Structures are given as C-alpha cells and as structure tokens.
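Engineer: Chain by chain, the residues run as shown.
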Amino acid sequence: GAGVSQSPRYKVAKRGQDVALRCDPISGHVSLFWYQQALGQGPEFLTYFQNEAQLDKSGLPSDRFFAERPEGSVSTLKIQRTQQEDSAVYLCASREDRGRFHEQYFGPGTRLTVT
Amino acid sequence: QKEVEQNSGPLSVPEGAIASLNCTYSDRGSQSFFWYRQYSGKSPELIMFIYSNGDKEDGRFTAQLNKASQYVSLLIRDSQPSDSATYLCAVILGGSYIPTFGRGTSLIVHP
Numbered sequence: 001g002a003g004v005s006q007s008p009r010y011k012v013a014k015r016g017q018d019v020a021l022r023c024d025p026i027s028g029h030v031s032l033f034w035y036q037q038a039l040g041q042g043p044e045f046l047t048y049f050q051n052e053a054q055l056d057k058s059g060l061p062s063d064r065f066f067a068e069r070p071e072g073s074v075s076t077l078k079i080q081r082t083q084q085e086d087s088a089v090y091l092c093a094s095r096e097d098r099g100r101f102h103e104q105y106f107g108p109g110t111r112l113t114v115t
Numbered sequence: 116q117k118e119v120e121q122n123s124g125p126l127s128v129p130e131g132a133i134a135s136l137n138c139t140y141s142d143r144g145s146q147s148f149f150w151y152r153q154y155s156g157k158s159p160e161l162i163m164f165i166y167s168n169g170d171k172e173d174g175r176f177t178a179q180l181n182k183a184s185q186y187v188s189l190l191i192r193d194s195q196p197s198d199s200a201t202y203l204c205a206v207i208l209g210g211s212y213i214p215t216f217g218r219g220t221s222l223i224v225h226p
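Each protein sequence line maps, in turn, to chains X and B. Per the working numbering, residue 1 is the first one in the first sequence, and the count goes up by one each step. Per the working numbering, residue 116 is the first one in the second sequence, and the count goes up by one each step.
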C-alpha cells in the first residue's frame, strides 16, 4: 500500500517568508508526528496528533511554528517568518496505534533551506 | 545527558563480518524499542522493533533487549556494503507515546 507522502520535497525560502509543508499519512493511521532533523543528528520531535487532536506540541521551537490536522488525515506544518536556523529536513511519520503495537513509518521528508 | 544514547561512530567492519550497534536509554519504564536505517539523503526506514526482553531475529538482523541494563542492540550478520548507513535507535520512554531518537551510529562496511 501507499506509504507516507510529503510535499514539497525541497523548499527554498527567503528569510522572513512563510512556508507550509504537507504530510499525507498512511491511510487509517491514527497518530501523526512531525520531526526536525539537522545534519548528523537524529530526528527531534516537534508535535504529535491523534486523529485531529494535537496532543503534544512541546517540541515546536517557537511560536512561529504551527501544525494542524483538521480532519484527522492530512497535516500541515507552517513556519512563519522563516529564519536561517529553521533550515533542516522536516520529517512526518504516522502510526496505526490500534492494539499494543507502535511501529512508526516515515515519509521522505521536506528539505527546507532558508537563504 | 540525552535520554537515548548512541555512539556516533563511524563503526567500520569488513564485508561478511558481524556489525554490532548499541543503544542505551535512561528510563527504566520504557516499553517499545525500534531500529531505523537511514541512507544519506533519505528518510529513516524501520528495520526492527522489539518489545520483550531477549532476542528477536529477522533475516540477517537480530535485535537484543536487556531492560535490566537498559540497553538495546542491533546485530547485522554477514554485513554487506549496502548496509553502510546510519542506524537510529528509537525508544518510547515510560509514560510517553512519542519515540525519542538517538543521534545515530554511522556504519561503514568495506569490501
């Protein structure tokens, strides 16, 4: 079946621009996660949705970052007034979360470069 | 101190050898453990998960979990150059639903 998809795959933004990154999870997956990955580091948690409810946004680095999943499927991560330190790969992952198993699957990521 | 620790490497092994990758975690109440493989420029790919103490084998991969000592290992038998990648350990720490990742160990398998 189809995996997690993300768009765009690459985004170049001028400092100060707003960007929106999209994630399509695996169909039927209840949980959705956003991570930020810097070069040479592991993914760092940003935010977590269970269906349409944002249950944890403790990893969002500033109030310029905002995420939503209004219908419990597609999610959008928005970054306002981008800064150079926002340059990273943004990964989305989804998880079925039925029963006791918790395997999480990643999309291909969006590489954001802020110039 | 990070909650999930991995040696960043690189770990270099010859083709055909066993590669052993280790991960320690801070929370004794952790229940779910995952290994991801990440090729350069690609996203992490789930290769193993383990929930119970002991060993779990899948093809050339074996995950080993020791909750008393708070470590989880990944063994790769008959290593191939195509196994060269960064291996990420992820742990769902006690009381959380969210996997916490280590920084990854770079593995190089040389012919």
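Bear in mind the hints are in silico, worked out from the structure with no lab data behind them. Errors might be hidden in some of the hints.
[To be verified] Coverage of chain B stretches by chain X, computed from C-beta distances (three or more under 8 angstroms per stretch; other residues unrestricted): (1) 125-134; (2) 148-159; (3) 178-190.
[Stated by the list, open to error] If you anchor each label on the Cβ, the simulated ranges turn out as follows: (4) X:Asp63 <-> B:Tyr212: 19 to 29 angstroms; (5) X:Gly59 <-> B:Gly174: 17 to 27 angstroms; (6) B:Ile133 <-> X:Pro108: 26 to 36 angstroms; (7) X:Leu39 <-> B:Asn137: 37 to 47 angstroms.
Bear in mind the structure is a predicted one, so any value in this text is a computation, not a measurement. Glycine is no exception: its CB is placed at the ideal position from the N, C-alpha and C atoms.
Engineer: Now look at each hint and say whether the structure bears it out.
Structural biologist: Here is how each hint holds up against the structure:
1. Counting residues of the segment 125-134 of chain B whose beta carbon lies closer than 8 angstroms to any beta carbon of chain X gives 0, which falls short of the minimum of three for the stated coverage.
2. Under a criterion of three residues with beta carbons nearer than 8 angstroms to beta carbons of chain X, the stated coverage of the segment 148-159 of chain B is upheld, 5 such residues being counted.
3. Counting residues of the segment 178-190 of chain B whose C-beta lies closer than 8 angstroms to any C-beta of chain X gives 0; at least three are required, and the coverage claim is violated.
4. The hinted window of 19 to 29 angstroms between Asp63 (chain X) and Tyr212 (chain B) holds, with their beta carbons roughly 24 angstroms apart.
5. With their beta carbons about 34 angstroms apart, Gly59 (chain X) and Gly174 (chain B) fall outside the hinted range of 17 to 27 angstroms.
6. The hinted range of 26 to 36 angstroms is satisfied by Ile133 (chain B) and Pro108 (chain X), whose Cβ atoms lie roughly 31 angstroms apart.
7. Range check, Leu39 (chain X) to Asn137 (chain B): Cβ separation about 23 angstroms, and the 37 to 47 angstroms hint is violated.
This entry does not satisfy hints 1, 3, 5 and 7, going by the numbered hints stated previously.
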